Every structure is written in C-alpha cells, then in structure tokens.
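*Asks:* From first to last, the protein sequence lines stand for chains A and B. All residue numbers for the first sequence refer to the working numbering, where the first residue is 435 and numbers rise by one. All residue numbers for the second sequence refer to the working numbering, where the first residue is 50 and numbers rise by one.
Just so you know, the hints here were simulated from the structure itself, not pulled from any lab data. Because the structure is a prediction, the values reported are computed rather than measured. For every residue, glycine included, the Cβ atom is placed at its ideal position computed from N, Cα and C. Careful: at least some of the hints might be erroneous.
Covered stretches of chain B, going by a simulated chain A footprint (3 or more residues, C-beta under 8 Å) [claimed, not checked]:
1) 119-127
2) 158-168
3) 172-179
To give an idea of the interface, some chain A residues facing chain B are shown, with a C-beta separation under 10 Å as derived from the structure [said to hold, decoys possible]:
4) 464
5) 477
6) 485
7) 489
8) 496
9) 500
10) 501
11) 504
12) 512
13) 532
14) 536
15) 595
From chain B, some residues computed to sit far from chain A (all C-beta separations above 10 Å) [as the list claims (entries may be wrong)]:
16) 56
17) 63
18) 94
19) 115
20) 219
21) 242
22) 311
23) 320
24) 328
25) 381
Given next are the chains, with one letter for each unit.
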Amino acid sequence: MNQTAVDQAFFIYFYLSLSILSIAVIVSKNIIHSAFFLLIFLLHVAAVFLFLNSEFLMVIQIIVYVGGVLALFVFAIMVMNIKEELKHRRFVRFAGAGILVSLLFFAVFYGFVKNVKVSSNPPPPNDVNLLGSLLYSYYLLPFEILSVVLLIALVAGIIIARKSPREEK
Amino acid sequence: MDTLYLIAVTIIKTAIYFGLLMLHVAYATYAERKVIGHIQLRLGPMVVGPHGILQPIADIIKLIFKEDIIPSAVDRRIFTIAPLISLTAALSTFAVIPVSEGWVISDINVGILYVLGIAGIGIYGIIFAGWSSNSKYAFLGGLRSAAQMISYEVALAMSLVGVILMAESFNLTEIVNKQAQYPMGMFLLPQIIGYFVFVVAMLAETNRVPFDLPEAETELVAGYFVEYSGIRFSLFYLAEYLAMFCMSALATICFWGGWTVPPFLVEIFPFIGIIPGVVWFLLKVYFHMFLFFWLRGTLPRYRYDQLMSIGWKVLIPLALINIVITSIIKYYS
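Bound-form chain A, shown alone:
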C-alpha cells in the first residue's frame, strides 16, 4: 500500500459520504436531523480541504461554517416551534422546477470545469503567511469592499430588528 492508494481510499470515502450526507440533509423530515447531517457534512468538507494541503482553509471552514453559520441556524430553529412544522407536507410541489434548475446549474458548471487543467507544481508550503501578505497588498481593495458590505448588512440588521419610533411611544 503506497501513498496514492491510501489517498484514493480516503477520497472514495469522502466522495461517498459527502453525497449521502447532502441527500440526508434534504430528505430528513425533522429539521434538527437536517442540522445534524449538515454538521457532519461541513466537517467532511473541512477534511477534504485538509486533503488538498490547505490547513488554513480547513480551519476557516470549521470556524466560519460549523462555529458560526450552523450555530446560528440551530439557534434560530430552537426559537421556532418545530412541532408545528413537522405536520406540514414536505416541499414536493416545486420538485420539477428544482430538478430543472439543478440540471441547468450542473450543465453550466460542466462548461466551466471542462477545460480546466490541474497545475502540476505543488502549492507553497506555508500558505498562511502568503495569504496574509497577499490579502493586505494585492487583494486589499476587494477585501475592504467585502468588509464594507458586511458592515452594511450589520447596520441593516440592526435597523430591521429595532422598533420603529412610533412603536416606542
């Protein structure tokens, strides 16, 4: 058993489990079960990043998606009344449209990926230092614009959540 065989075994495992988990997220009736499958799914995605030799992306995946996004999802689900939701029929009404959209998506996706060549030189070993210096020099403007966009979203959220002046009276 050499390096590539072990790599391949892991790759097949992640390929299969990612597909099964993503289907399980959609199929499960209970919304908390969906959240649970999504948790495992996101951790698997992080592991795939590790296989591509990008430790930093793996950790950011865990911190942002598992620690932040999904935690807020679960928190919001908790505050809602799930027992009510369970009685509703599943969202099968738009199944045809969903299949159509996904086919279109994958067709476009294939068009993009078709001509991609994988570069043979390995990525630089210490990617964190490189990332930092690039982010604050070459990509400074997009980085700043992104942070302003996030700030706008924050301000908008506060304005929506705040009571209107009429209500306060």
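Take the given structure of chain A and dock chain B to it, following the hints.
*Replies:* Showing chain B alone in chain A's frame:
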C-alpha cells in the same frame, strides 16, 4: 509502506495521550472535590483508599455499571449521539497541543485556530442534548449554553489575537519558542489584558462557575443533561473536564511560556534547568485547573443579563483595545 507506518505511529501516540488524559480527568474530579471540600472546611472524599485517593476509580466503575436509561419521549437518535459529539470535540483539540518540545501528535501550522474551531463544535452536543431530551429544563439549558458559547467564543478568539501578533505564527510550538525573548520568558506581562479576557472567557466557554448558567442547579435542576444517566451522563462530564484541560493548556502555551522555565528562576537556582519541560507544562496546567476549582469555591453565579453584558460590553472592547495597542507597539518597535 511509509504511510501505514505513519498511521500506526500516530495511533500509538494517540493511545498513550488518551490514556494519560483520562487519568488526568479522573483525578481532576477528585482534586475538585478535595479543593472545594477544604474551601468549605470539609475534608472531601475520605472513604475509598487513604484520603479517598481511589474515589475516582470507584466512581468510574459505578457509572459504567449503571443502567443507561433512555426516556421514552426523547428523540432517540440525537439523544444517544449528543454526548459523543461533545466528547469527540473535546478530545480532538488535544491532537495539536504540544506537551513539550516536539511532544505533539500533529504539529500543524494553524494549531491555535484549530483548537478554537474544534472546541466550538462541542456546543452542538449540548444544544442537541437539550433539544432531544424533550424536557423544559434541558431545553432551556441548551439554549442558554448556545447563546453563551457563541458570545464568549468571540472574546476568546480575540484575546488570542494579541498573542498571535507577537508570535507572528499560528503554530503552538512556535508561540512557545517566541516567548523566550520576552520578560520572564512569557507573554503574560505584555499581554496582561489579553490574559484577563482569556481567563474570563475560558470560564464561560467551559460552562464553569461563575458562568455555569446552562447547568444552574437552583433554576434548571441540572441543565442540558438532566435526562441523561449512567455512561452517557459521564461522557458529558468527561467532555467538560477535557474542555477545562484544553483551555488550561491553551492558557499555558499562549501566556505562560508552555514548557519553558522562567529564565530568572534558572539564574537564582541553576539546578532547576535539569527538570524536564513536561513537568513545567503540567505545573502550569495544574495551576489553571486549580484556578477553576478555586473560583468555583468562592464566587456566586452571575445573572443571565449580566453574563451577556460582560461578554459583549466589557470583554470584547477590552480585547479590541488589546489588539490595537499590541499592533501599534509592534509597528513602532
């Protein structure tokens, strides 16, 4: 062949680390009962063995042989898996924590971020346990814990940014080695604000007194694990103590110089240099564990709104000030 060899070595290392960790957790419960006992002018456990030294072993045997009761109204699948999530998250953090120079399972470049990220997964165990128990007490405990851990994780991560700036690395070994240039061989003095924020946030993050609102026994019976019994209950207990050890180790590595000896001590007592690094590391970790028990014995619990305002209005601004000051000093020196 190389890969298999690597896997085998890693498994052996992990097994040794795991065994030692479990021993530490068992005796941390004993130490806690003894310390709290003496603070309250009691003796603590005294029956099993001399001074109750075999008490944790007896406790483990009792918990393993107890019946694992699963109430009929719970969500069975999530209920059984929730303690495992907490435990796995707590155990996984130790994969990157170095005990001494080179004594680490995986010396990855983003160690400090990894520990913070993986430690955050532990809340899912608590939230899922609270939800699946189908009990009001457990549910409230789970909700409180979710809100608390989301808030304090921000402060915890920000308090470490100062350390990362000074060490210029995310690697835990590198952080320890960088501290040799600073006074007393630790980041404690230059990062004193960061350390203060870290200690308060670490108490909240591990659900300990004075921030143990998720398991406040006077209001919520026991909080999120009220429906658990037997081995699954002890898994939650284990996860909590492992998280405490993890945070203590992180504090030791980031602020107390890890396994290095303070240089001024070596100057006064030259023979101290022969003590291996792992002893120093453990001494510093034990100090932080003692801090946990000590605070539990002395402080009352905070109210929930106080907890939130401390997190968002005191700790996060303090951590931000610390980042700004550290950056300015670093830029001009």
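*Asks:* State for each hint whether it applies.
*Replies:* Hint by hint, here is what the structure shows:
Restraint check on the region 119-127 of chain B versus chain A: 3 residues with Cβ-Cβ distances below 8 Å, three needed, restraint holds. Residue count for the region 158-168 of chain B with a Cβ under 8 Å from a Cβ of chain A: 7. That meets the three needed, and the coverage hint holds. Against chain A, the region 172-179 of chain B contributes 4 residues with a C-beta closer than 8 Å to a partner C-beta. That satisfies the three-residue criterion, and the hint holds. For residue 464 of chain A, the suggested interface contact is upheld, since its CB lies about 7 Å from the closest CB of chain B, less than 10 Å.
The beta carbon of residue 477 of chain A is positioned within 10 Å of a beta carbon in chain B (closest approach about 8 Å), and the interface hint is therefore held. Because the beta carbon of residue 485 of chain A sits about 13 Å from the nearest beta carbon in chain B, more than 10 Å, this interface hint is broken. Interface restraint check for residue 489 of chain A: the shortest CB-CB distance to chain B comes to about 5 Å, inside 10 Å, so the restraint holds. Residue-level restraint check for residue 496 of chain A holds (minimum Cβ-Cβ distance to chain B is 4 Å; threshold 10 Å).
With a least beta-carbon distance of about 6 Å to chain B, the hint placing residue 500 of chain A at the interface is held under the 10 Å criterion. For residue 501 of chain A, the interface hint holds, since its Cβ comes within 10 Å of a Cβ in chain B; the closest pair sits about 4 Å apart. The restraint placing residue 504 of chain A at the interface with chain B holds, with a minimum CB-CB distance near 8 Å, inside the 10 Å limit. Of the supplied interface hints, the one on residue 512 of chain A holds, with its beta-carbon coming within about 6 Å of a beta-carbon of chain B, less than 10 Å.
For residue 532 of chain A, the suggested interface contact is broken, since its CB lies about 27 Å from the closest CB of chain B, more than 10 Å. Violation of the interface hint for residue 536 of chain A is found here, the shortest Cβ-Cβ separation to chain B being roughly 28 Å, above the 10 Å cut-off. Residue-level restraint check for residue 595 of chain A is violated (minimum Cβ-Cβ distance to chain B is 15 Å; threshold 10 Å). A beta-carbon of chain A comes within 10 Å of the beta-carbon of residue 56 of chain B; the shortest separation is about 8 Å.
A cut-off of 10 Å between C-beta atoms confirms that residue 63 of chain B is not in contact with chain A; the least separation is 17 Å. At roughly 37 Å, the least C-beta separation between residue 94 of chain B and chain A is larger than 10 Å, which holds for a residue marked as non-interface. For residue 115 of chain B, the non-interface assignment is confirmed: its Cβ lies about 27 Å from the closest Cβ of chain A, beyond the 10 Å cut-off. Not every Cβ of chain A is farther than 10 Å from the Cβ of residue 219 of chain B; the closest lies at roughly 6 Å, contradicting the non-interface assignment.
Listed as a non-interface residue, residue 242 of chain B keeps its Cβ farther than 10 Å from every Cβ of chain A; the least gap is roughly 23 Å. No Cβ of chain A comes within 10 Å of the Cβ of residue 311 of chain B; the nearest lies about 29 Å off, and the non-interface call holds. Look at residue 320 of chain B: its CB is around 39 Å from the nearest CB on chain A, clear of 10 Å, so calling it non-interface holds up. Its beta-carbon lying about 31 Å from the closest one in chain A, residue 328 of chain B satisfies the requirement of being farther than 10 Å from that chain.
Annotated as non-interface, residue 381 of chain B keeps its C-beta farther than 10 Å from every C-beta of chain A; the closest such distance is 18 Å.
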